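Line by line, the protein sequences give chains A and B.
Counting from 1, one number per residue, gives the positions in the first sequence under my numbering.
Counting from 1, one number per residue, gives the positions in the second sequence under my numbering.
The set of hints was computed from the structure by calculation and includes no laboratory data.
These numbers come from a predicted model, not from an experiment.
Mixed in with the good hints, there may be bad ones.
Derived contacts from chain A toward chain B, CB cut-off under 7 Å, selection only [what the hints assert, rightly or not]:
(1) A33
(2) S36
(3) S139
(4) G159
Heads up, the beta-carbon is just placed ideally off N, CA and C, and yes, glycines get one too.
In case you want the letters, here they are:
Number of protein chains: 2
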Amino acid sequence: MENDEALADKNSHPTRERILDAAEALFARDGFAAVSVRQIMRKADADVSLAYYHFKSKRDLFNAVMLRRVDHLNRIRLEALEQVEKRHPDDLPTVEEIIDAFTSPLFDLLSSEHEEWRHYFALIAQINNSTEWGGELMSRYFDPLVQRFLEALRRAMPGCDEADLYWSYEFLSGALTLAFAETGRIDNLSGGVCKSSDMPAITARMPRFIAAGFRALCERKNEAQD
Amino acid sequence: MENDEALADKNSHPTRERILDAAEALFARDGFAAVSVRQIMRKADADVSLAYYHFKSKRDLFNAVMLRRVDHLNRIRLEALEQVEKRHPDDLPTVEEIIDAFTSPLFDLLSSEHEEWRHYFALIAQINNSTEWGGELMSRYFDPLVQRFLEALRRAMPGCDEADLYWSYEFLSGALTLAFAETGRIDNLSGGVCKSSDMPAITARMPRFIAAGFRALCERKNEAQD
DNA sequence: ATACTAGTTGAGCGTTCGTTGAAATACAAC
DNA sequence: GTTGTATTTCAACGAACGCTCAACTAGTAT
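Build the full structure now, drawing on both the sequences and the hints.
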């Protein structure tokens, strides 16, 4: 918040993208309200008023930061699901395979050299857990894709109760966003045994954990419904 | 952010508590940085400088908001765990029972008339998913209690891998905080089938979902460990 | 009544906020 | 070169920020 970080190379990218990169990194670390436009432009190595020339306002800049990545994210996740379904021309994909198609594209983005996505996922975690923006923004960006995945899950678990399915997704969403936020909490709790940034460790565990949860809730039969 | 909400009855509570209540509600809705001290004191119906008399700074006020509830929270959760263990003088509690002891005290707080806790949980959700504060603050407040629960889980799942256990808790933590944040996301996604504020619906589902996840990760045997 | 402390008030310090407008530059097409 | 458009610079607006200080009131004890 106080120290100016390494500022962007002025000739490496066009100004508009440098602003988006700087805003993404700062919003992700400190949140929308805690970051000033001046701070962003200092990091982007450009004049303050350029933020209002390329984007109309601070809020619109925030939206632009979000929209730059959300389309690509939705596309590769949809492709992963279609890939899984193509692998099952006759039978149906399992719950594990569907959850894996939902999560593994994110792992791929973080395992690669693209540091940029790390900031984006930290930002998503903040928004998802925000009372003021969470419900509306996350729905606007991701609900169509999520509905597509829920449809696949309904087929994998026929007769599944609708409320059970939606709540299961809520639990998945919470676990996923926190794990990707890399807050360092697990580093402290485990005394260094686990590291927030250890993506392979998450890849190996989350689909199994989440799929078991879905099964326990949505596949239960002949039981009282609270 | 713009409209001043119903301000507190000046004679109902002492000033110090009115400030804490107002700060809690506003921090929970808009986040630490988005709320000004003036805004808080307007809602508390008290002069700005009283915030700096009763608390030293905005940041210290925030800490006071947190500390007011965290002790009570840790105490009733510990009691719930001890209650479960007392119910098993000879054998061990099941994973479901331990998870239930971890979560059901929260449900009780929200199911009762105490609207105040609702704000607090929304605040916790923000902090837990914050890159800058999440790791440190959450550990400081909750790690001793969490360690106590993890110990019980180790006994319930002997031979459990340590990393599996810590990651399982990370998933639990994410699912729990999002569900309690009541962001309204599930209302949108489900088209009204589910409601964020429906605590009985969560009570009936979360322990089962989470316990199944723990079991799937920590009870697996004779498998490759990536 | 006096003295002491806890609590409250209102004015205002210096700084930063989001945002804007006019002037300057860059770079293309004619 | 001239025109035109896209981008950049610089200075500044009013408003709000976190915070402080000296004065004032309320209550309690001597």
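Structure-based check of all given hints:
| no. | hint | in the structure |
| --- | --- | --- |
| 1 | A33 | holds (3 Å) |
| 2 | S36 | violated (10 Å) |
| 3 | S139 | holds (4 Å) |
| 4 | G159 | violated (16 Å) |
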